[in-house]
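Asker: Spelled out from the first residue to the last, the chains are:
There are 2 protein chains.
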Amino acid sequence: MTAETTASVAEWREALREHLGSDLVLTERDQMVAYCRDWHGDVTTDAVAVLRPRSTEQVAAAVKLCRNLGLAIVPQGGNTGLVLGAIPDAGQGQVVLSLERMNRIRQIDADDFSAVVEAGCILSELKDAIADKGMFFPLALGAQGTCRIGGNVSTNAGGINVLRYGMTRELIFGLEVVLPDGSIFDGLSTLRKDNRGIDLKQLFIGAEGTLGIITAISVKLTPYPDQVATALLGLASLDDAIKLFRRARRDCCDLMSAFEFMPPLAFTLAKEAMPDLPIPIAADYPAYVLMEISGSGLVDIDDLMGRFLEAVMEEGIVLDGTIAASQTQARNLWLIREGMNEGQAKRGMHLRTDVSVKLSQLAAFVADAEKAVEDAVPGVVCVSYGHVGDGNVHLNVLPAAHATPDERVEQIYKAKGAINAVLDEYQGSISAEHGIGRLKRGDFEVRLSPVRRQLLTAIKHAIDPDLVMNPGCQLNFSVNS
Amino acid sequence: MTAETTASVAEWREALREHLGSDLVLTERDQMVAYCRDWHGDVTTDAVAVLRPRSTEQVAAAVKLCRNLGLAIVPQGGNTGLVLGAIPDAGQGQVVLSLERMNRIRQIDADDFSAVVEAGCILSELKDAIADKGMFFPLALGAQGTCRIGGNVSTNAGGINVLRYGMTRELIFGLEVVLPDGSIFDGLSTLRKDNRGIDLKQLFIGAEGTLGIITAISVKLTPYPDQVATALLGLASLDDAIKLFRRARRDCCDLMSAFEFMPPLAFTLAKEAMPDLPIPIAADYPAYVLMEISGSGLVDIDDLMGRFLEAVMEEGIVLDGTIAASQTQARNLWLIREGMNEGQAKRGMHLRTDVSVKLSQLAAFVADAEKAVEDAVPGVVCVSYGHVGDGNVHLNVLPAAHATPDERVEQIYKAKGAINAVLDEYQGSISAEHGIGRLKRGDFEVRLSPVRRQLLTAIKHAIDPDLVMNPGCQLNFSVNS
Chain A
325 MTAETTASVA
335 EWREALREHL
345 GSDLVLTERD
355 QMVAYCRDWH
365 GDVTTDAVAV
375 LRPRSTEQVA
385 AAVKLCRNLG
395 LAIVPQGGNT
405 GLVLGAIPDA
415 GQGQVVLSLE
425 RMNRIRQIDA
435 DDFSAVVEAG
445 CILSELKDAI
455 ADKGMFFPLA
465 LGAQGTCRIG
475 GNVSTNAGGI
485 NVLRYGMTRE
495 LIFGLEVVLP
505 DGSIFDGLST
515 LRKDNRGIDL
525 KQLFIGAEGT
535 LGIITAISVK
545 LTPYPDQVAT
555 ALLGLASLDD
565 AIKLFRRARR
575 DCCDLMSAFE
585 FMPPLAFTLA
595 KEAMPDLPIP
605 IAADYPAYVL
615 MEISGSGLVD
625 IDDLMGRFLE
635 AVMEEGIVLD
645 GTIAASQTQA
655 RNLWLIREGM
665 NEGQAKRGMH
675 LRTDVSVKLS
685 QLAAFVADAE
695 KAVEDAVPGV
705 VCVSYGHVGD
715 GNVHLNVLPA
725 AHATPDERVE
735 QIYKAKGAIN
745 AVLDEYQGSI
755 SAEHGIGRLK
765 RGDFEVRLSP
775 VRRQLLTAIK
785 HAIDPDLVMN
795 PGCQLNFSVN
805 S
Chain B
325 MTAETTASVA
335 EWREALREHL
345 GSDLVLTERD
355 QMVAYCRDWH
365 GDVTTDAVAV
375 LRPRSTEQVA
385 AAVKLCRNLG
395 LAIVPQGGNT
405 GLVLGAIPDA
415 GQGQVVLSLE
425 RMNRIRQIDA
435 DDFSAVVEAG
445 CILSELKDAI
455 ADKGMFFPLA
465 LGAQGTCRIG
475 GNVSTNAGGI
485 NVLRYGMTRE
495 LIFGLEVVLP
505 DGSIFDGLST
515 LRKDNRGIDL
525 KQLFIGAEGT
535 LGIITAISVK
545 LTPYPDQVAT
555 ALLGLASLDD
565 AIKLFRRARR
575 DCCDLMSAFE
585 FMPPLAFTLA
595 KEAMPDLPIP
605 IAADYPAYVL
615 MEISGSGLVD
625 IDDLMGRFLE
635 AVMEEGIVLD
645 GTIAASQTQA
655 RNLWLIREGM
665 NEGQAKRGMH
675 LRTDVSVKLS
685 QLAAFVADAE
695 KAVEDAVPGV
705 VCVSYGHVGD
715 GNVHLNVLPA
725 AHATPDERVE
735 QIYKAKGAIN
745 AVLDEYQGSI
755 SAEHGIGRLK
765 RGDFEVRLSP
775 VRRQLLTAIK
785 HAIDPDLVMN
795 PGCQLNFSVN
805 S
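Protein sequence lines, in the order shown, are assigned to chains A and B.
Add 324 to a position in the first sequence, counting from 1, and you land on the number used in this note's numbering.
Add 324 to a position in the second sequence, counting from 1, and you land on the number used in this note's numbering.
No wet-lab data here; the hints were simulated from the structure.
Misleading hints may appear alongside valid ones.
Distance condition first, Cα-Cα at most 25 Å in a straight line; then the derived SDA-like pairs of lysine to any residue [claimed, not checked]:
#1 A:567 <-> A:648
#2 B:567 <-> A:434
#3 B:544 <-> A:494
#4 B:457 <-> A:563
#5 A:567 <-> A:587
#6 A:595 <-> A:658
#7 B:567 <-> A:620
#8 A:695 <-> A:718
#9 B:544 <-> A:523
#10 A:451 <-> B:489
#11 B:738 <-> B:365
#12 B:670 <-> B:685
#13 B:388 <-> A:777
#14 A:567 <-> B:433
#15 A:738 <-> A:750
#16 A:451 <-> A:513
#17 A:544 <-> A:589
#18 B:388 <-> A:778
#19 A:544 <-> B:748
#20 B:544 <-> A:751
Required output: the full structure, derived from the provided sequences and hints.
Answerer: Structural data, given as structure tokens:
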């Protein structure tokens with residue numbers, strides 16, 4: 325940092341405090357670090373300031389001020405994103421705008437199956453508040469105790485219930501957004517059906533803050549599913565897991581709410597993180613499925629699960645299985661899935677991917693990609709698991725235990741290259757649910773067709789002509805336009 | 325038409341034939357009239373030519389040529405739209421581009437629950453082709469034997485299954501679009517989950533051809549619901565119908581596929597159109613609901629319907645009811661709903677609306693709006709019916725039988741004003757499912773906030789800077805920008 329920019333930073337900070345009030349502005353390094361470090365702690369950056377407005381009007385004022393000062397804005401929710409979309413990449417000219425203080429639930433209307441929440445509301449707090457009223461918001465993520473709904477919408481978050489309820493995009497009625505010029509787009513209607521032309525809110529969902537700052541959301545609720553049946557099943561292969569999914573899709577109609585695939589290594593990894601976790605099934609089947617059926621009202625969910633499993637076990641699609649007999653048992657089954665993630669983290673730096681292919685090609689893709697990784701980087705361990713029903717697999721790669729940090733970086737780089745090469749053959753997506761952020765920008769850009777690039781650039785310049793909003797996220801417009 | 329423009333039209337036609345080939349170009353008035361007249365036959369316009377390309381490349385060539393010639397393009401599917409979005413409004417400078425010859429089903433993948441179809445494919449032809457493979461495409465409209473899927477996507481069509489499956493927007497994976505500069509946006513992936521940043525296809529859904537021409541669509545399929553239970557129920561009021569909906573939403577979980585409200589007048593109107601139609605319920609209840617539950621596989625749908633109706637009749641929410649005992653009986657129940665529409669048409673020119681309010685306010689809105697109409701235009705008949713579960717009501721108004729054509733026009737105008745004034749109080753939508761087109765442009769524009777107008781204008785100019793695509797539809801950009 326040169327003397328000149330130091331002076332500018334001090335001046336910027338002074339101007340921010342003066343116009344927004346000190347209460348809204350953090351500038352001390354130790355206060356800002358939590359907003360400038362990613363969820364995994366892999367990357368720590370810096371910012372001119374962290375702004376923490378309490379209202380939509382304060383967000384709008386902050387945007388106008390930053391624009392006048394020549395500062396770019398990185399919007400941030402719970403900072404639980406996995407692709408570096410919400411932390412600055414150029415600390416000398418960027419502020420973080422955190423929505424954490426805009427965390428009110430403005431309205432819950434159980435008669436209308438709707439609610440209106442501010443962007444900074446923590447996901448699980450909304451879920452708890454509406455459960456009391458017999459309602460359910462289907463977005464379900466590991467980070468739900470920390471992530472904030474504005475971030476979920478900005479990244480179009482996925483999670484374990486997507487196969488029944490869709491991505492976040494499909495769970496919302498409307499948005500309030502502060503645009504790059506500081507004006508407020510007021511689209512917080514809770515109308516279930518409104519077909520007045522182009523649906524502007526769609527642009528901001530998944531834009532990761534590059535077109536504006538989502539400040540509030542009206543969400544679509546469903547009746548609370550008071551019946552849940554959860555089963556852990558052992559199978560002969562991933563191919564059989566996909567066969568089972570197709571069968572369950574038909575037999576359980578629209579009542580299946582989760583269908584997660586895991587390899588046997590999941591149990592080892594989960595035990596490494598949670599040594600006391602009960603594993604209620606033999607750990608030597610080639611493939612496992614964690615399946616959930618749920619519903620409210622008059623449908624008998626337990627009976628449905630029982631009859632379904634009876635049929636598929638008799639036919640030999642499922643070799644072994646256990647159905648949770650209590651909520652605690654069901655929770656323990658899900659802890660295997662979560663423990664598997666923690667176990668991977670305990671093994672040190674590793675490759676996390678979030679790819680998707682056509683459902684009908686998933687088993688072939690995983691086999692080809694794992695083989696490509698093993699050929700390219702002998703000695704690493706592949707852990708493939710995920711949301712099979714969506715064609716979405718997290719094909720992660722753990723470097724060998726004895727690898728040095730430098731070797732790990734190299735192995736991860738090579739493994740990612742091997743996976744992406746196979747993925748491209750399958751015309752898959754490098755980001756099924758996590759988004760692009762800054763982490764995947766390079767991999768995104770090289771796969772972008774000229775027509776898509778042109779459209780994205782035209783839209784960016786139409787809505788954010790001065791490139792104020794989250795520069796460097798998704799695409800580097802200042803370079804490419 | 326002056327001599328000068330006649331010359332231009334002749335020159336334009338010659339240039340179109342020369343560059344595209346005569347086979348693709350209709351210019352005779354009697355050949356063009358079907359493409360220049362709306363579905364109800366209320367409006368007939370004119371065009372320089374009707375272009376009928378057979379491939380995406382021919383669409384792209386036609387767009388480039390029209391652009392060079394200074395001709396605007398009105399894309400058209402099955403021409404079943406209800407808001408004049410697909411017929412020209414300035415015959416001297418516009419061509420119709422019909423997708424009717426691009427009607428192939430490119431691919432059906434039952435293992436992947438997906439299909440790829442060209443925009444000109446008739447909706448029912450897709451539905452039939454996939455039913456053979458045990459699959460289902462949930463879009464269900466009265467016009468499904470004539471409408472084409474590209475039009476359904478361009479208008480984000482609704483229909484009777486929205487409450488379970490969503491609008492057309494939620495039923496598609498991807499789009500192929502010819503953009504206003506003639507380039508081709510290739511987004512025909514069938515990935516169920518792909519979260520690579522801004523979802524460009526969303527812009528074209530519901531844009532009614534103002535941003536480009538949708539040429540092909542990849543669609544999301546579900547297992548064919550081989551069990552269907554249909555019931556016609558008599559109730560004490562619309563308020564009770566909404567109470568019943570909420571109860572059914574919970575008790576029947578996600579298996580309810582239709583919930584239509586009708587007034588007793590529905591039977592009279594249906595009988596006027598179809599005198600032999602059986603009406604298997606007393607016709608003197610104040611309100612009726614046509615309800616459908618459906619599913620595939622192991623859920624017992626008939627049992628569910630039976631237990632649900634038993635409970636709600638015992639509680640007095642439902643006063644009387646009949647469950648269809650065969651497919652024929654179910655079809656006849658739906659014919660009452662369809663006959664009601666035909667009966668209205670038989671009564672001559674009338675007001676058709678397509679409005680929505682919050683579900684919890686629907687009964688109050690209908691009461692207030694009907695009263696406002698009766699106060700403003702004594703002697704007319706209100707017919708309110710529709711998709712109650714979506715908060716979407718078609719509040720139609722039939723002028724008195726003896727009214728002259730001029731009186732009808734005046735009564736319709738006054739009635740629409742009265743309904744819209746009440747709708748605005750309820751913050752409702754003037755278009756729940758039909759779109760804006762040219763018919764509702766005025767009513768749309770006066771309710772548009774400056775921020776929305778600015779965003780729509782910025783996007784239009786970013787993607788269609790020369791205003792080539794469907795001018796006059798949705799917004800009049802040439803005037804307002």
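Asker: Run every hint past the structure and note whether it holds.
Answerer: Here is how each hint holds up against the structure:
1. Among the hinted pairs, residue 567 of chain A with residue 648 of chain A is consistent with the structure: their alpha-carbon atoms are about 23 Å apart, no more than 25 Å.
2. About 12 Å separates the Cα atoms of residue 567 of chain B and residue 434 of chain A, which keeps this hinted pair within 25 Å; it holds.
3. Between the alpha carbons of residue 544 of chain B and residue 494 of chain A the distance comes to roughly 14 Å, so the proposed pair stays at or under 25 Å and holds.
4. Under the criterion of a C-alpha separation no larger than 25 Å, the hint pairing residue 457 of chain B with residue 563 of chain A is consistent with the structure, at around 21 Å.
5. Only pairs whose Cα atoms come within 25 Å are accepted, and residue 567 of chain A paired with residue 587 of chain A is accepted, the gap being roughly 16 Å.
6. At roughly 13 Å between alpha-carbon atoms, residue 595 of chain A and residue 658 of chain A fall within 25 Å of each other, so this suggested pair holds.
7. About 17 Å separates the Cα atoms of residue 567 of chain B and residue 620 of chain A, which keeps this hinted pair within 25 Å; it holds.
8. Between residue 695 of chain A and residue 718 of chain A, the direct Cα distance comes to roughly 15 Å. Compliance with the 25 Å bound is thereby established for this hinted pair.
9. Of the supplied pair hints, the one linking residue 544 of chain B and residue 523 of chain A holds, its CA atoms being roughly 20 Å apart against a limit of 25 Å.
10. For the hint linking residue 451 of chain A to residue 489 of chain B, the alpha-carbon distance of about 23 Å falls within 25 Å, and the restraint holds.
11. In summary, the hint linking residue 738 of chain B to residue 365 of chain B is supported, as the alpha carbons are separated by about 22 Å, within the 25 Å threshold.
12. Under the criterion of a C-alpha separation no larger than 25 Å, the hint pairing residue 670 of chain B with residue 685 of chain B is inconsistent with the structure, at around 31 Å.
13. A hinted pair counts as satisfied when its Cα atoms are at most 25 Å apart, and residue 388 of chain B with residue 777 of chain A qualifies at roughly 20 Å.
14. With a C-alpha separation of about 14 Å, the suggested pair residue 567 of chain A and residue 433 of chain B falls inside the 25 Å cut-off, and the hint holds.
15. Of the pairs offered as hints, the one joining residue 738 of chain A and residue 750 of chain A holds, with about 19 Å between alpha carbons and a cut-off of 25 Å not exceeded.
16. At roughly 20 Å between alpha-carbon atoms, residue 451 of chain A and residue 513 of chain A fall within 25 Å of each other, so this suggested pair holds.
17. Restraint check: the Cα-Cα separation between residue 544 of chain A and residue 589 of chain A comes to about 37 Å, which exceeds 25 Å; the hinted pair is violated.
18. Proposed proximity of residue 388 of chain B and residue 778 of chain A is supported: the alpha carbons are some 17 Å apart, at most 25 Å.
19. With a C-alpha separation of about 22 Å, the suggested pair residue 544 of chain A and residue 748 of chain B falls inside the 25 Å cut-off, and the hint holds.
20. In summary, the hint linking residue 544 of chain B to residue 751 of chain A is supported, as the alpha carbons are separated by about 18 Å, within the 25 Å threshold.
The structure does not agree with the numbered hints 12 and 17 stated previously, though it agrees with the rest.
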